[in-house]
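2 protein chains.
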Amino acid sequence: MAKEKKLVEQITAMDEDFAKWYTDVVKKAELMDYSSVKGCMILRPYGYAIWENIQKDLDARFKETGHENVYMPMFIPESLLTKEKDHVEGFAPECAWVTYGGDTKLTERLAVRPTSETLFCEHFKTVIQSYRDLPKLYNQWCSVVRWEKTTRPFLRTSEFLWQEGHTMHETAEEAQAETLQMLGIYRDFYLESLAIPAITGQKTDKEKFAGAEATYTIEPMMHNGVALQGGTSHYFGDGFAKAFDITYAARDNTVKYPHQTSWGVSTRMIGAIIMTHGDDNGLILPPAIAPIQVAIIPVAQHKEGVLEKAAEIKDRLAKTLRVKLDDSEQSTGWKFSQYEMKGVPVRLEIGPKDIENNSCVLVSRVTREKKFVSLDNVEVEVAAMLEQVYNELVARATKNLEEKTHTATSLEEFLDVAENKPGFIKAMWCGDVACEEALKEKTGGVKSRCIPFAEERLSDKCVCCGKPAKHMVVWGRQY
Amino acid sequence: MAKEKKLVEQITAMDEDFAKWYTDVVKKAELMDYSSVKGCMILRPYGYAIWENIQKDLDARFKETGHENVYMPMFIPESLLTKEKDHVEGFAPECAWVTYGGDTKLTERLAVRPTSETLFCEHFKTVIQSYRDLPKLYNQWCSVVRWEKTTRPFLRTSEFLWQEGHTMHETAEEAQAETLQMLGIYRDFYLESLAIPAITGQKTDKEKFAGAEATYTIEPMMHNGVALQGGTSHYFGDGFAKAFDITYAARDNTVKYPHQTSWGVSTRMIGAIIMTHGDDNGLILPPAIAPIQVAIIPVAQHKEGVLEKAAEIKDRLAKTLRVKLDDSEQSTGWKFSQYEMKGVPVRLEIGPKDIENNSCVLVSRVTREKKFVSLDNVEVEVAAMLEQVYNELVARATKNLEEKTHTATSLEEFLDVAENKPGFIKAMWCGDVACEEALKEKTGGVKSRCIPFAEERLSDKCVCCGKPAKHMVVWGRQY
Numbered sequence: 001m002a003k004e005k006k007l008v009e010q011i012t013a014m015d016e017d018f019a020k021w022y023t024d025v026v027k028k029a030e031l032m033d034y035s036s037v038k039g040c041m042i043l044r045p046y047g048y049a050i051w052e053n054i055q056k057d058l059d060a061r062f063k064e065t066g067h068e069n070v071y072m073p074m075f076i077p078e079s080l081l082t083k084e085k086d087h088v089e090g091f092a093p094e095c096a097w098v099t100y101g102g103d104t105k106l107t108e109r110l111a112v113r114p115t116s117e118t119l120f121c122e123h124f125k126t127v128i129q130s131y132r133d134l135p136k137l138y139n140q141w142c143s144v145v146r147w148e149k150t151t152r153p154f155l156r157t158s159e160f161l162w163q164e165g166h167t168m169h170e171t172a173e174e175a176q177a178e179t180l181q182m183l184g185i186y187r188d189f190y191l192e193s194l195a196i197p198a199i200t201g202q203k204t205d206k207e208k209f210a211g212a213e214a215t216y217t218i219e220p221m222m223h224n225g226v227a228l229q230g231g232t233s234h235y236f237g238d239g240f241a242k243a244f245d246i247t248y249a250a251r252d253n254t255v256k257y258p259h260q261t262s263w264g265v266s267t268r269m270i271g272a273i274i275m276t277h278g279d280d281n282g283l284i285l286p287p288a289i290a291p292i293q294v295a296i297i298p299v300a301q302h303k304e305g306v307l308e309k310a311a312e313i314k315d316r317l318a319k320t321l322r323v324k325l326d327d328s329e330q331s332t333g334w335k336f337s338q339y340e341m342k343g344v345p346v347r348l349e350i351g352p353k354d355i356e357n358n359s360c361v362l363v364s365r366v367t368r369e370k371k372f373v374s375l376d377n378v379e380v381e382v383a384a385m386l387e388q389v390y391n392e393l394v395a396r397a398t399k400n401l402e403e404k405t406h407t408a409t410s411l412e413e414f415l416d417v418a419e420n421k422p423g424f425i426k427a428m429w430c431g432d433v434a435c436e437e438a439l440k441e442k443t444g445g446v447k448s449r450c451i452p453f454a455e456e457r458l459s460d461k462c463v464c465c466g467k468p469a470k471h472m473v474v475w476g477r478q479y
Numbered sequence: 001m002a003k004e005k006k007l008v009e010q011i012t013a014m015d016e017d018f019a020k021w022y023t024d025v026v027k028k029a030e031l032m033d034y035s036s037v038k039g040c041m042i043l044r045p046y047g048y049a050i051w052e053n054i055q056k057d058l059d060a061r062f063k064e065t066g067h068e069n070v071y072m073p074m075f076i077p078e079s080l081l082t083k084e085k086d087h088v089e090g091f092a093p094e095c096a097w098v099t100y101g102g103d104t105k106l107t108e109r110l111a112v113r114p115t116s117e118t119l120f121c122e123h124f125k126t127v128i129q130s131y132r133d134l135p136k137l138y139n140q141w142c143s144v145v146r147w148e149k150t151t152r153p154f155l156r157t158s159e160f161l162w163q164e165g166h167t168m169h170e171t172a173e174e175a176q177a178e179t180l181q182m183l184g185i186y187r188d189f190y191l192e193s194l195a196i197p198a199i200t201g202q203k204t205d206k207e208k209f210a211g212a213e214a215t216y217t218i219e220p221m222m223h224n225g226v227a228l229q230g231g232t233s234h235y236f237g238d239g240f241a242k243a244f245d246i247t248y249a250a251r252d253n254t255v256k257y258p259h260q261t262s263w264g265v266s267t268r269m270i271g272a273i274i275m276t277h278g279d280d281n282g283l284i285l286p287p288a289i290a291p292i293q294v295a296i297i298p299v300a301q302h303k304e305g306v307l308e309k310a311a312e313i314k315d316r317l318a319k320t321l322r323v324k325l326d327d328s329e330q331s332t333g334w335k336f337s338q339y340e341m342k343g344v345p346v347r348l349e350i351g352p353k354d355i356e357n358n359s360c361v362l363v364s365r366v367t368r369e370k371k372f373v374s375l376d377n378v379e380v381e382v383a384a385m386l387e388q389v390y391n392e393l394v395a396r397a398t399k400n401l402e403e404k405t406h407t408a409t410s411l412e413e414f415l416d417v418a419e420n421k422p423g424f425i426k427a428m429w430c431g432d433v434a435c436e437e438a439l440k441e442k443t444g445g446v447k448s449r450c451i452p453f454a455e456e457r458l459s460d461k462c463v464c465c466g467k468p469a470k471h472m473v474v475w476g477r478q479y
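Chains as they are written, first to last, in the numbering used here: chain A, 1 to 479; chain B, 1 to 479.
None of these hints come from the bench; they were simulated from the model. It cannot be assumed that every hint is accurate.
The list cannot tell twin chains apart, which means a pair is met if one copy fits it or any two copies do.
[Unchecked claim] Mimicking DSS-like on lysine-lysine, the simulated pairs with C-alpha atoms at most 30 angstroms apart in a straight line are:
hint: 1; residue 1: K125; residue 2: K38
hint: 2; residue 1: K319; residue 2: K63
hint: 3; residue 1: K85; residue 2: K105
hint: 4; residue 1: K442; residue 2: K149
hint: 5; residue 1: K242; residue 2: K56
hint: 6; residue 1: K136; residue 2: K56
hint: 7; residue 1: K309; residue 2: K27
hint: 8; residue 1: K309; residue 2: K256
hint: 9; residue 1: K319; residue 2: K56
hint: 10; residue 1: K324; residue 2: K83
hint: 11; residue 1: K28; residue 2: K256
hint: 12; residue 1: K371; residue 2: K314
hint: 13; residue 1: K125; residue 2: K242
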């Protein structure tokens, strides 16, 4: 087991330095690599395979709810980007600008898309004439660019992969319902597929998307108590429609502006998975999106019949699961720690003695519990352990979220919690942006995450200014 | 049927104006739309769904042969792009250049990737140390940008979607085998999934990829006899490896340069599908990649029981096929021509009389043959007609390819064929680039497509200069 220990030691302990632990994990689990383009990363096969599983799962959820995929150009002419005032103010400062095509200076510079509302609006104008053309329920999988000064793998990079949904509706009510439906899909996906419970709610005006009337958000908590904005869904009203002059002939023969939404999640989710579930031995992947769900490690593989039996089990399991049989010449210990580091949910060990007993050993990546099971029903046993891994991940993350969610009813208490207890703070708020700014300044970075859907009434007064409280807000530091 | 006729009349006849017929089809079948970014197009839901089916099919073929997907940054620093001399000469003139990030001028300008050999090489340098790290079999699905002066939907656009495979191998032999294997996968995919037969072979030195030692190509012929370069596979030798200083510790304890390949196909394939199979009624899609394989049109749908029966058939077929039941309020005639225009392979009509007879009508999009079939085995009948559609598409395209492939053994004959007979010309060639250039000039654009794998010996003399012939070349005009 010497080698196993050595490999594990390569990862900094979480408690020692969480940020270093994180970068150790992303590098050593071979999720990504740096490139010579500042702030851009390379998604390596294992990291990209996680993204492919995420895509496949979410894409099915989008299609089930009637959405269609499209592809818009990656460039936005400056004049198009500037059509909606709030929007351009929010994004222009972080755009990468194309100014030359070959040797020719462009007459108008082009932004590499930071988000595609403007492109979709331009297209909507040509394809929407009548209420019969509505709703338009579009989604796009692509990469976007936001020129970032400081970057961290998956969490903040100058280019990242994402999906952006863009929809148009006859009425405000229908668009609002879409906005909430999509946030619900994100919440279900986080819980069901990523095993991540999270707080959901509405962003304050200060924190909402540039150009939106309302922004809804999912805010999972990382293991260290820091929030990660996990996905957002925006209701635009008819603001962009007016700016882009998109109208439709309504059922009552009047001409109306359609109502719009957009919503997106990105490769940040891989960061959320790492920081929610990972431990000092590396990554732990929820079974639904793990590229390898079961790693089969033959023990004493040179002995007669071991590899044959391992291959036989692999074939049986591979009918319904993603399975890897590692019959390489690396030591068994090296393999154990390798697949632990890569977060494979279940390890299956099989050696000569197991074969004699018509059994094998299953090991859970979360609890590291070992279970001897009969080969007769290995499919059922593996499925049960995967289910158990999922349940344990949800339970642990829920416990972390609950234990690190605090309340504060006075400014003193708020500052004390912010200083001493990592995590979220539930506290009442008057609705004034000045109080948000004051709390952020006094705490050195605690911001409103959202007004949660599950709002409580902790007191009648704003925790900051003491004026009458309008909402309970969940506050926290963020990535 | 008045409406049907009207709709069909909106498409220009192929014989009248093939180019206009093409743009009519791409627009009216709602495959794409133009955007305000010159040369970039919007892939609308129906066009993107074709691309999704292509991706899924090809991706499975790549994975079966051991390839893994990755994602590289979309930007290439100028210094990286210029590391391989031939490569940069080929691509720099058509690069889009990013020069600003927000308000800050970049110290080094960045090309939006026109292709990613340089990025892959930079990464290979960090992940390849030993023969144990080889082969690296990577693929990437992404968009690339090549600043084009004149553009046509799908065929030539400034941004397009594609896949680019990039692999590294221990030996030249292994890399050459990979290059040919991937061209073989393209050939199989074209024939099996797109129903497109094509000539395959090696590009002449003049036509090969910038930086490659050898380029292999698949060259389908469009209905009008014009070639479309349908996909290429390149063998690089160790040229890039040397330029990027990528080495590995070999089995014999020496330090060696690995051998490299790259290969790609793009959304151009959608152009190939349109121009190979389409007719005066619009698109015809091969069943394997058709977003809708069967369109169910209820006849007299207001009559009792019609929609229920149509829905029941839909549910039965949808277990294995992509089916759309159109129960909208449009007329039956409109629906017929709509799904013809969109190239749906099989139409299923069902009305009160059919239901009485426990039958329905199947109509082939290719031959427009009608077949009355029993509802008892509708699944089998539909599958058989889809198979028939596929076979007919292959037969028609093969006939077109054969009929429009001519031979020439003298310059006079070559020029006569080039002038009067659209299609390919098989003719002998001395191997001299001067003859390629002379033939292109004399014919106003006929170029070497490839030296086909199925080479023939038509004569001993170069068709252009009369010197001893080295190869038979297939020549033709191209998109």
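Within, between, both or neither: how does the pair K85, K105 come out at a Cα-Cα threshold of 30 angstroms?
both (26 angstroms within a copy, 24 angstroms between copies)
Intra- versus inter-copy proximity for K56 and K242 (alpha-carbon distance at most 30 angstroms):
neither (35 angstroms within a copy, 39 angstroms between copies)
Alpha-carbon proximity context of K309 and K27, limit 30 angstroms
neither (34 angstroms within a copy, 57 angstroms between copies)
How would you label the pair K125, K38 (within, between, both, or neither) given a Cα cut-off of 30 angstroms?
Result: close only across copies, 18 angstroms inter versus 37 angstroms intra.
Tell me, please, which holds for K125 and K242 at an alpha-carbon limit of 30 angstroms: within, between, both or neither?
Classified as within: same-chain Cα gap 11 angstroms, cross-chain 51 angstroms, threshold 30 angstroms.
Evaluate K319 and K63 at a C-alpha cut-off of 30 angstroms and name the case that applies: within, between, both or neither.
Classified as both; 25 angstroms inside a copy, 17 angstroms across copies.
One pair to classify: K371 and K314, alpha carbons no more than 30 angstroms apart. Within, between, both, or neither?
For K371 and K314, only the intra-copy Cα distance (18 angstroms) is at most 30 angstroms; the inter-copy one is 46 angstroms.
Checking an output row: K309 and K256, CA cutoff 30 angstroms. Within, between, both or neither?
neither (68 angstroms within a copy, 38 angstroms between copies)
Regarding K136 and K56, is the shortest C-alpha distance of 30 angstroms or less found within a copy, between copies, in both, or in neither?
both (22 angstroms within a copy, 25 angstroms between copies)
Could you place K324 and K83 in one of the four classes (within, between, both, neither) given a Cα distance threshold of 30 angstroms?
Classified as neither: same-chain Cα gap 51 angstroms, cross-chain 38 angstroms, threshold 30 angstroms.
Is it within a copy, between copies, both, or neither that the alpha carbon of K442 lies no farther than 30 angstroms from that of K149?
Close inside one copy (24 angstroms), not across copies (56 angstroms); limit 30 angstroms.
Same-copy or cross-copy closeness of K319 to K56 [CA-CA at most 30 angstroms]
both (18 angstroms within a copy, 19 angstroms between copies)
Checked against the numbered hints listed earlier, the structure breaks hints 5, 7, 8, 10; every other hint is satisfied.
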